[in-house]
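Novice: Chain residues, written in single-letter form:
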Amino acid sequence: DPKIIQKPKYLVAVTGSEKILICEQYLGHNAMYWYRQSAKKPLEFMFSYSYQKLMDNQTASSRFQPQSSKKNHLDLQITALKPDDSATYFCASSQELGAAETLYFGSGTRLTVL
Amino acid sequence: GEQVEQLPSILRVQEGSSASINCSYEDSASNYFPWYKQEPGENPKLIIDIRSNMERKQIQELIVLLDKKAKRFSLHITDTQPGDSAMYFCAARGGSNYKLTFGKGTLLTVTP
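Sequence order for the protein chains is A and B. Going by the working numbering, the first residue of the first sequence is number 1, and it counts up by one from there. Going by the working numbering, the first residue of the second sequence is number 1, and it counts up by one from there.
Rather than coming from a laboratory, the hints here were simulated on the basis of the structure. As the structure is a computational prediction, the values presented were derived from the model and not from experiment. A few of these clues could be false.
[What the hints assert, rightly or not] Below, in silico cross-link-like pairs of lysine-lysine (BS3-like), each with a Cα-Cα straight-line distance of 30 Å or less:
| id | chain 1 | residue 1 | chain 2 | residue 2 |
| --- | --- | --- | --- | --- |
| 1 | B | K104 | A | K82 |
| 2 | B | K68 | A | K7 |
| 3 | A | K71 | B | K45 |
| 4 | A | K9 | B | K37 |
| 5 | B | K104 | A | K3 |
| 6 | A | K53 | B | K45 |
Bound-form chain A, shown alone:
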């Protein structure tokens, strides 16, 4: 029974379009993250949020916008999609945004941009 739910599991988009990746966690955690995994860059950090506030952004492009409408939600909006955006996007969470906090990953959304 997954505690970090990501939707959809698979997503196909055309170049230039916009998509939203959904993430909900039911672990009662206060920190949430987005990571991206591709053949070129395995498990690359993108964003971290703590109590619904952006704490760290390592994504150069403003096309990637996280959105936290609720404490246990952290969606990822991607605009003007490019083929290079094709990857598996993992949402993750930890109890707090602490250095020694265990990170738990969701099941991922595999995005393919044609």
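Model the placement of chain B on the given structure of chain A, informed by the hints.
Specialist: Structure of chain B alone, referenced to chain A:
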């Protein structure tokens, strides 16, 4: 920011033998070092971690060693089984940056 190097990228061992994966990091302030196992099509799952106040930690067949002076840590899987075949990632986090930085992964194959 933190950089984590992981070697080897591919590791093939025979069932029953040991497998070792080595990682190094750059930021001396890093104080948390987890290891994740990822099977094809699945998400990464934490298998063992070590904090900087320890040098060695063991959970069943998994042993993690940490050498803070050399800024190196390693995972050792004893008595490997085919079910241990997967991608393994090391990571480091600490200091003022809470970002968990991952190595590039090791694809372990355990042959019968």
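Novice: The structure should be examined with respect to each hint, and the outcome stated for every one.
Specialist: Do the hints match the structure? See the list:
1. This hinted pair checks out: K104(B) and K82(A) have alpha carbons roughly 24 Å apart, not beyond 30 Å.
2. About 40 Å separates the Cα atoms of K68(B) and K7(A), which puts this hinted pair outside 30 Å; it is violated.
3. Restraint check: the Cα-Cα separation between K71(A) and K45(B) comes to about 23 Å, which is no more than 30 Å; the hinted pair holds.
4. A hinted pair counts as satisfied when its Cα atoms are at most 30 Å apart, and K9(A) with K37(B) qualifies at roughly 20 Å.
5. For the suggested pair K104(B) and K3(A), the alpha carbons sit about 26 Å apart, so the restraint of at most 30 Å is met.
6. For the proposed pair K53(A) and K45(B), the alpha carbon gap of about 26 Å is at most 30 Å, so the pair holds.
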